[in-house]
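Colleague: The chain contents come next:
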Amino acid sequence: MLSVHNRPPKIQAIAKQEFREGVRVNVSVLEALKPLRKSALLGIIGIVGIVVGLKINAAYSTHLKPVQPIEFSHRIHAGENQIECLYCHSSADRSPSAGVPSVAKCVGCHERIATVRDSAEIAKLNAYWQAQEPIPWIKVHDVPDFVHFTHKRHVLAGLECQQCHGPVETMDRIERVADLTMPWCTDCHTLNQTDNGLDCYTCHK
Amino acid sequence: MVMKKLFDHGEPSYEQVNQDVIKSLIETGPKYWMLLATTVGITVVCFIVPWMYQIHMGVGVAGMNRNAVWGTYLSNFIFWIGLSHSGTLLSAVLHITQSDWRKSIYRSAEAMTLFSLMVAATFVMVHVGRLWFIHWSFPIPNPMGLWPNFRSPIMFDVMAITTYLTASSIFIYMGSVPDFAAVRDYSSGLRRRIYTVLSFGWRGTSKEWHTLGWAYTFFAVLVIPLAVSVHSIVSWDFALSTVPGLHQTIFAPYFVCGAIYSGTAGIVTVMYCLRRFLGFERYIGKIHVDYLGKLLIALSMIWTYINIMELFTGWYSGSSAEIEFLKFRLFGFYAPMYWEMILFCAFVPLLMLFKSVRLNWNRMLVISILINIGMLSERFIIVSTSLPRKLLPDSYGFYFPSPAEISITVGSFAMFATLFLIFIKVFPAVSIYEVKETLNPLRRAEKT
Amino acid sequence: MDITGTFQYEEDAISAAQGLHAAGIKNVSLMSPIPMHAAEKALGLGKSNVRKFTLIGAILGGLGGFSMCVATALVFIMPTGGRAIIALPPYLLITYETTILIGVLSTLVGFFLVAKLPAWKNRPYRVEANVNRFVVAVESPSSNEVKKAEQIIRGAGALGIEQTGGTL
Amino acid sequence: MSVLDTIRKYREAGYYKEFDYHWGMTVDLDRCTGCEACVVACQAENNLPIVGESSFAQRREIKWMRIERYWEGEYPNAKLNFIPMFCQQCDEAPCETACPVFATYHNQDGLNTQIYNRCIGTRTCAVYCPYEVRYFNWFTYTWDEPLERQLNPDVSVREKGVMEKCTFCIQRIRQAKDLAKDDDRRKVRDGEVTPACAQSCPTEALVFGDLNDPESRVSKMANDPRGYQVLEEQNTSPSVVYLQKVHGDEEAI
Amino acid sequence: MTSINRRDFFKFVGAGGAGAGAGYLYAELVKRPQELLVPQVVPPEDYSPGLATWYNTVCNQCSGGCGISVRIREGEAKKIEGNPVHPVNQGRLCALGQSGLNALYNPDRLKTPLRNNNEGRFQGIEWEEAIDELAQKLNESRARRQSDRVQLLTGNIRGHVNGLIGHFMEWVGVASHMQYDFTRPANLYEANQLTFGQSMLPYYDIRNTHYLLSFGADYLGTWLSPVHNSLGYGHLRQGQTEKRGTCIQVEPRMSLSGANADEWLPAVPGSEGSLALGIANVIANGHYTGADQAEWANALTTYTPSNIARLTGISEVDIERIAEEFFTNASLAIAGGAATAGTEGVATHIAVNALNYLAGNIGQKGGVIFNSDPGFAQTSTFEHANYQQMITLAEKMKNNEVDILILHDTNPIFSMPSSSNFQEAMENVPLVVALSGFMDETTAMADLILPTDNYLESWGDDVPEPAVGFSVASISQPVVSRLYDTRSLGDILIDTARMMGTEVSWDSTEAYIQDVWSRIYAQQGGDPSGFDNFWRSALEAGVWGQETASTNQGSTVKPFPVNQLSDVSNKLEGDESEYPFVLHPYLTLTFLDGRGANLPWQQELPDPLTSVVYNSWVELNPGTAVELGVKEGDVLEVTSPSGTIRAPAFIYEAIRPDVVAMPIGQGHEQYGRYAEQRGVNPIDLVVPNFDQRSGALAWAGTRVKILKTGERVLLIKTDGITRTLGRQILGPSEAEHG
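Chains as they are written, first to last, in my numbering: chain W, 1 to 205; chain C, 1 to 448; chain Y, 1 to 168; chain R, 1 to 253; chain V, 1 to 738.
Be careful, since some hints might not be right.
[What the hints assert, rightly or not] A short list of chain R residues far from chain Y (calculated; beta carbon distances all over 12 Å): (1) Glu92; (2) Ile115; (3) Tyr141; (4) Arg172; (5) Glu204; (6) Asn223; (7) Glu232.
[Unchecked claim] Computed from the model, here is a short list of chain W residues facing chain V with C-beta under 10 Å: (8) Gly46; (9) Gly53; (10) Arg173.
[Stated by the list, open to error] Derived CB-CB ranges, DEER-like: (11) V:Asp8 with C:Ser188: 55 to 65 Å; (12) C:Val366 with Y:Arg154: 56 to 66 Å; (13) C:Glu27 with W:Ser39: 52 to 62 Å; (14) R:Asp190 with C:Met309: 26 to 36 Å; (15) V:Arg536 with R:Lys220: 13 to 23 Å; (16) V:Glu711 with C:Pro225: 56 to 66 Å.
No wet-lab data here; the hints were simulated from the structure. For each residue, glycine too, the CB sits at the ideal point set by N, CA and C.
Assemble the whole structure, with the sequences as input and the hints as a guide.
Modeller: Written out as structure tokens, the structure reads:
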């Protein structure tokens, strides 16, 4: 068994050297942390940067306001021309999904409206119609796949479309105004005392 | 107070204590780095890599199945939680009862607690199916506005382990503050700066000692019931189910006893390594191994008793489910493991009745490792022989760990070793000031 | 400027500290490598205020833990397993754990507050105090106290006495 | 006050009895032939994955509805009994208390529900379930193109690490309630909603309905003297009542 | 305070920038990808996004003829359920029927016409080209006036598509159309022809019988119309107010029906017919009081209970008891499966018919009921090819007497014993055209493959057989638009005929079906609301029927056929000393004759009796297994006089010790990714014998020997331990039973 007394001399020497009697030691924590100041500042600036980055993303991202294949304006249709929401989104009161009008429906109207027939955007519409291809609209109000949301129940309950979709009739390009998070749903359900509105399986699937 | 002979090779001087301990911290040879590199390497290869693979693929990488949805990960979790039990608990109990022999071993025992607890917590993360959502089980504000279910035994566990981890780290840290100051005084440059921060600018004034003494005692008082509750709660994860073999009233004391048992054996192993590799022969001596040996014998007997009771209650119930499960445990596929556990944990410890065994470090090392092998098997058996024998015979199954699970188990030991290797270079592995307390005041003036 | 006196013996250091105390000198600290109950007694350190932190922390932790369980259970009422929404047995377990958790944390806070740690600024200190000597320090004494203090320290049998100034 | 009322309402086990429904099912073992039509019906309705041979070899099948087989006697008097096993929707479900994150809970219809995207995969519920009817997604299972087209859009597709189980085809219940609401009815009529398994059962062994309604077919069936609950001694109070098989030597209805 | 220099400033700017960038990118990363909202160009009439529509059509997964409702959302089929108004299945559906979705959306479907490039590879070609090639060849054949050298071989096709095939044969000059379906109970048709004078399936009224005696017929699993039988079974057990019906099953290996029967009698394999006659003997001599009693008693003299007990292994007491119960109760005897798949299959059926006659079950409620003709005249001249005819066809092909073989939806290479050499014979045919949905063993032999629609994509109609006691016809309509560039059988025939220059008056199968139904409509006297309304309502309901009582009571059974049958016991092929076991192949309800093997849901459906998935296995009696030292999973070599296969053993509780059973359905060499190279096909072991009267393959009459290979595999199954171990799982009183 190795004993203290016959340890190699080198180690003993080092140990002695380390203990210097009378040495003055600064016990201040701040003093010890001083060299870290710049790094800390760097870190803080970095974190602030991240927050700013998130904000910039939120502010400038087109995710909530995507550019659609055709610059369709709800302001003109729903605002100026006072077309009922349900005229185009015709299954909103009878189906979970509100539905987008078929290309045929768009063309049906636009064939007859002489004033706008030749605008660039209508030309795009006509191009789709000529090719018999659907228009790949980008979904703005997209809930995750595990959510069961039914337009029908909400429309039949008397909710205005604008309550969730915002003042659509003033938007040129459609934009998501509600955050569509779970508390956003449940707050409204709580407030309106819906039947079993807080049961998870009302919305989850 | 009657002073027992704490030091085998005569009492060191005060200064010597400082030198011996700090040397172990500061002097780092190539062997240490090689060892550290090895353990880190094993941790990465055996633990991190399979774990990442599992996260990518799904828990199916492990060998669990529909009939045994819990497996090695969970049994390892109990093992490591168990191993964590004696450090803090022993340290706290002995602190309260003012047993001096504790003083040179408690630091590393507490470190063992902390690190095995960390490894245990890692196993929880390895175990869950969707690690990326594990924060949902913490009571922290979240965007869904939905909180965890505090009626769940798993939540008891989350709370208990969080508390235990917090309390244990504070406990070991607070006890180390004066020693950090000592290291600070012995070092220069960056290390001094680090230890200045770590020691909070400790000076050892009477006020500081006084407050530390009080605070430390409160920590000890709070930690003892906590430690008992933690392993009881871990046992309830099992016992609150309806699975034959898990739904046992005796589980809480069984787990607590087993935990202290394996933890104490773990301490012996760690002590051996400290003596052997860090040169603490002077501080860790016969009295420690003797007392720990006696403690182990006592624990082994309690453990054996509870094991017999477990079999007895199962058999006495007359319930077909219980008996079927007992049959599987005693004579089924994992029977050799069960009997190995009985041999290692019930019979081998009896050797320690002989003083010649108890006072021999090498023999004690072997026994302590055997006990922990036995305890690792115990936890594995609890999971792998109960779950496949639940209540519906048609759903009887079988569980065998997959290579990933075995590898992660091996890796967890390497991870523990890594943490411990880092610990001995950061924390004074033997408490400087408490060892000094046990010394004859006259030796204080002596120079080496 | 601070005055520090180094002692070889515990009793000398205590008597010096006691003397300084008796002389009405403030900011006297006695540094030692090990806790000394005698010194604590001599300096009139009775029961520490840490215990108050522990008690209050534990009580708050318990109450907080229980209220957390109740409050979070009421955000969404989700019955499970036929258990009551406010089920005592499980919530008491959580309460038990939070009692300890907050108790421990507040003890830690208490320790820092009572022991006046961390030392943000420098304080009089000698490294011997952490090895095998006892050091009595008077922190920034007024000019008329300096002499008296030195006298008392020397009188108690100090190995050496030193005046240090400001930061190192 | 209203909060307190709400709490009180949920204070006791079986609180859903004050609500509109307590969905339940009866399984007539005398009718059940073990043909497993229900197994495929469930698989089709609930997007159960095709797990593959190796998963089966490891006993990692996912079948919310399974048929268990129990033999009695020896050749030549061997008899085989089938018993369909699926989530018993226990009123005092051990699994529900086990979940740390409320991924499973009891809803006001007496259903033991599982919110897949809340699950973190501790698998405790599966350990606690005495009926072993909770199934874990060991991997993210995929469907060979174009098999994914048959996936039911009303049911989510579960990813790896998620526990899943029978929900009594809650999407159908939701649909039926929706239609009842269209007709200004408060309650769904008996027989308007059937889970896929009961719908497909060629021998009509499975009957589904509202146990709160004493006039419903399922309530009447549940009162049959042959009725019993599997593992009754576990006190889980299942919502599924099995009607014991009649043996040839006994004279019974 | 340290001052901030230029370098530091740049660092800070850098950190801020990096942070901002990281934050921005993170936000991008966690965003859900944008989904598209794609509208219809021109919406279909009843299209509504988010709402499901149900379309009714007919199930084609077996020949049960169930009506199905398919749930369609956004143009995709989501679920198949039973059509609630269809009298055959009344809203119920079996596993195989529901797996139809897997067939529709199967990844291994044939997607374009293929031509064999003579290097064993198939090349995609255009439809025009493919049809043109076929038309050309048919034209050449027509020009040579060799219509007898063109052979049409299809699976079981019912309804008016057959009519269209008939027209096609006229148009293009094809002389012979054969339908080959392994599951078709040819012996039953033949026996009914001999005893009742009608080659048809009567309605077996399981629903109302009190005493069901089944000789090997797995009526709950595979026999005739399992869903309808199961509906009846449910009613028999718990629906009848007066009495809970009793079920007796006679078979050497417990089938699903055997497992549900009150009594399972493991008679010696092949002796089921004798047992039936033994029971008939007891009835004729003690109970029966008809005018022809003496005649019957005379005819059955040799079938005394003691003789039969010796022959069948069923005790005399049981025979007499069953006879008494059978006579006194409202009873029904049926036969099928392996019991009637021997060399004396027709005889066994006749014996069972005799039993029904003696007990007075003919034309009775709860007995054998004959259906009146629904008035759907079949216009085609196809014949149901039995095994004997298939062999003849193979001979013809071998002798180069067939120039063109047109195949549709049939897989004789798989469902005929390999010793029949059908595959080799096909190689001699210059042009094999396969009209098929999947690449199966037979299709793979083709020179030209024309991919056909799934049944959920095509038009047709069906008269369920056996019917349900009254006239029923169902329409099958496409419920989804075509997934791939496929065409239906009828359309291919019309296109080919047009390509050959024939004047065809129908544009499509749809037009043809509509035309036929308009004639039926007219025949029925017409509905005041007009054909369009009739057609629309029939389409909506998916089924049309007239619930009128049947006037067809069937002819009486004469003792004549019985008398002629000196021995109704099936002969077993193979020497008993060399081949000690009888091979009992059986149809599984998961794959039927193998056609379901490419459906992943069916592959993953545990076998109802063994819970095995994804594999084949050999069932052994526990006693036999102990004797041979075989454990579950031991690979056994099963050898018959005509072949050897290897499969793992499964210890099955309810099988005779001298019988080994194997499921049919696996062992495909070609049939898509789910079926290929999985298990073995026990039909390959069958010694090609056939029933003398019907010419059907006697697939249950082979002896085998088994050899332990020493190899072990994991037999994949879902069961743990199949004993209750005294637990109250099956009910409170089960403790006494278990």
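Colleague: Decide, hint by hint, whether the structure agrees.
Modeller: Okay, the hints, checked on the actual structure:
1. The non-interface label for glutamate 92 of chain R is inconsistent with chain Y: the shortest C-beta to C-beta separation is roughly 3 Å, within 12 Å.
2. For isoleucine 115 of chain R, the non-interface assignment is contradicted: its Cβ lies about 10 Å from the closest Cβ of chain Y, within the 12 Å cut-off.
3. In this structure tyrosine 141 of chain R is separated from chain Y by more than 12 Å, as the shortest Cβ-Cβ distance comes to about 28 Å.
4. With a closest Cβ-Cβ approach of about 23 Å to chain Y, arginine 172 of chain R is found to remain outside the 12 Å limit, as its non-interface label requires.
5. Against the 12 Å criterion, glutamate 204 of chain R stays outside the reach of chain Y, whose nearest CB is about 31 Å from its own CB.
6. The claim that asparagine 223 of chain R lies off the interface holds: its Cβ sits roughly 22 Å from the closest Cβ of chain Y, which is beyond the 12 Å cut-off.
7. Residue-level check passed: glutamate 232 of chain R sits 15 Å from the nearest beta carbon of chain Y, beyond 12 Å.
8. About 4 Å separates the beta-carbon of glycine 46 of chain W from the nearest beta-carbon of chain V, less than 10 Å, and the hint is met.
9. Hint on glycine 53 of chain W holds. Least Cβ distance to chain V is approximately 2 Å, under the 10 Å limit.
10. A hinted interface residue such as arginine 173 of chain W counts as satisfied when its beta carbon comes closer than 10 Å to some beta carbon of chain V; here the least separation is about 14 Å, so the hint is violated.
11. For the pair aspartate 8 of chain V and serine 188 of chain C, the beta carbons lie near 27 Å from each other, so the given range of 55 to 65 Å is not met.
12. One distance hint, 56 to 66 Å for the beta-carbon pair valine 366 of chain C and arginine 154 of chain Y, holds here, with the actual separation near 59 Å.
13. About 29 Å separates the C-beta atoms of glutamate 27 of chain C and serine 39 of chain W, a value inconsistent with the hinted range of 52 to 62 Å.
14. Here the CB-CB span from aspartate 190 of chain R to methionine 309 of chain C is close to 52 Å, at odds with the stated 26 to 36 Å.
15. For the pair arginine 536 of chain V and lysine 220 of chain R, the supplied restraint of 13 to 23 Å is violated, since their beta-carbon distance comes to about 39 Å.
16. A C-beta distance of roughly 59 Å is found between glutamate 711 of chain V and proline 225 of chain C, which places it inside the suggested range of 56 to 66 Å.
The structure fails hints 1, 2, 10, 11, 13, 14 and 15 (numbered hints given earlier, in ascending order).
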